[in-house]
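Given the structure of chain F, go ahead and fit chain S onto it with the hints provided.
Chains as they are written, first to last, in the numbering used here: chain F, 46 to 278; chain S, -13 to 217.
Source of the hints: derived by calculation from the structure; they are not laboratory data.
Hints may contain errors.
Now the stretches of chain F that chain S is said to cover, found in silico as 3 or more residues with beta-carbon under 8 Å [unchecked claim]:
no. : segment
1   : 91 to 102
2   : 233 to 247
Subject to a maximum C-alpha distance of 27 Å in a straight line, what follows is the list of computed DSS-like cross-link-like pairs (lysine-lysine) [stated by the list, open to error]:
no. : chain 1 : residue 1 : chain 2 : residue 2
3   : S       : Lys110    : S       : Lys40
4   : F       : Lys73     : F       : Lys141
5   : F       : Lys270    : S       : Lys110
6   : F       : Lys174    : F       : Lys98
7   : F       : Lys270    : S       : Lys40
All residues carry an ideal CB built from backbone N, CA and C; glycine is no exception.
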Amino acid sequence: MGYQFNWSLVLTGEYRDWLLDGFVLTLKISGIAGICALALGTLVAVMRLSRVKPLEWLSLAFTEFFRNTPLLVQIFFWYFGSEAFLPKAVNQWLYKQDFEFAAGTIALTVYSSAFIAEELRSGIFSIPKNQLEASRATGLNFFQAYRFVILPQAFRIVIPPLISQMLNLLKNSSLVMTIGVMELTYQARQVESFTFHGFEAFTVATMLYLAVSLAVSFSITMYNKHFLHQLRY
Amino acid sequence: MRWDIVYNNLDYLLWGSYPNGPLGGIAASIMLAVLGIFGAFWLGLGFGLMRLSKRRLLRVVSMIYVEVVRGTPLLMVIFWFYFLGPVVFDYNLPEFHSALMAFIVFTGAYVAEIVRAGVIALPKGQMEAARCSGLTRGQAMRYVILPQALRNMIPSFVNQFVSLTKDTSLAYIIGVNELTKAATQINNREVVAPAEIFLAIAVLYFLICWVLTAFSRRMERHLARYQARGR
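Chain F extracted, bound-state conformation (with noise of 0.2 Å):
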């Protein structure tokens, strides 16, 4: 094994910065992809409950869809192929911001919201049936019902899954490298080629990946053991 290890590389300088920018980059694109995720995955959740045909079949097809493509696939198609099917303004407004950046997000966004919709209809389907009679009979309206008495149980019920959900969005965020966002992996990547010192670049960027899921998995576990039990029907 002819490898002279060199910690201190990836560990001070300019090589460091890299890896850190990168990390910050991961947390900002999940960060930004996980609250529109949120946001797009309730309103499909919504949609496949509604009880009007067409809403639920297009929820449907989407989380199909999207669930059983490969993110990777998904992230070319937005990327090489947004020009084909958004309007030219649009386009042209994109290609003036960071695009990577942008149709990463996309990317991400829309695959993460087709597994956060799932989750969120198995937690709704969950709340049991009269609870929605119950306060249609009350006098609340179908919103009104869903906003002040379905959805605030069922989020509590999906928050350990959800959760998983935002550590795989994470995990996933390290597709972007390959349309050029400069996140965790990229830096990694380019400290490799750079240094030829992969290994510990990629022990860093391993252990950085590491710290965040296992740190938060261990806080399900605590949310788990302390609250989930409460919620009894």
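Just chain S now, with coordinates in the frame of chain F:
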């Protein structure tokens, strides 16, 4: 819209330049996924059973493996095998094999969790009754618990296979000849129809994954009827 470009290159998307050259396209993707799930099954079975072992050391080793791999992006695992394998262990493998090994190690961690959950989900009485009839713990596992547990796990395995099929697209990043690589090659050659090409391969992936998902849902309902239940 230039769908003729997709149509003209359809054979390349399906099996690459196969009779005259290497296998590629979706045939190679499926091959990666099938070989990957096969390897991951045995690896996952081993680590899943280790997690249930009475020996603390085995449990800890298995837990570290599962937690580390599940907390790491698949792309990272692929890079570990592709860039660092040759440097650290002095071996040199073609991309296909590096990718396959990464898929096996990555999916194995998820399979280990499926195995563990499947065994725990069986009623306790099964193990107790098997031990009472004079089987050792190993025999009880082998002849009573696993045959039932593995059957109940089939839907989860199918779901894992579906996500592995989608994940094989990542092998493109290290240059394996599979569907996504074929699509990017065609896209680079033809330039004018990226939306059509990537939509077309999305549909190809979708067909496989969706059929399997529908199958696993039916199976899940079917199996639920015949499960041993605790009293």
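Structure-based check of each hint:
Coverage of the segment 91 to 102 of chain F by chain S is violated. Counting CB-CB distances below 8 Å, 0 residues qualify, and the rule asks for three or more. For the segment 233 to 247 of chain F, the stated coverage by chain S holds: 6 residues have a C-beta nearer than 8 Å to a C-beta of that chain, and at least 3 were required. Under the criterion of a C-alpha separation no larger than 27 Å, the hint pairing Lys110 (chain S) with Lys40 (chain S) is consistent with the structure, at around 16 Å. For a cut-off of 27 Å, the pair hint linking Lys73 (chain F) to Lys141 (chain F) stands: about 20 Å separates their Cα positions.
Of the pairs offered as hints, the one joining Lys270 (chain F) and Lys110 (chain S) holds, with about 23 Å between alpha carbons and a cut-off of 27 Å not exceeded. Of the pairs offered as hints, the one joining Lys174 (chain F) and Lys98 (chain F) holds, with about 19 Å between alpha carbons and a cut-off of 27 Å not exceeded. At most 27 Å may separate the alpha-carbon atoms for a hinted pair to count; Lys270 (chain F) and Lys40 (chain S) meet this at roughly 24 Å.
Comparing the model with each numbered hint stated earlier shows that hint 1 is the single one that does not hold.
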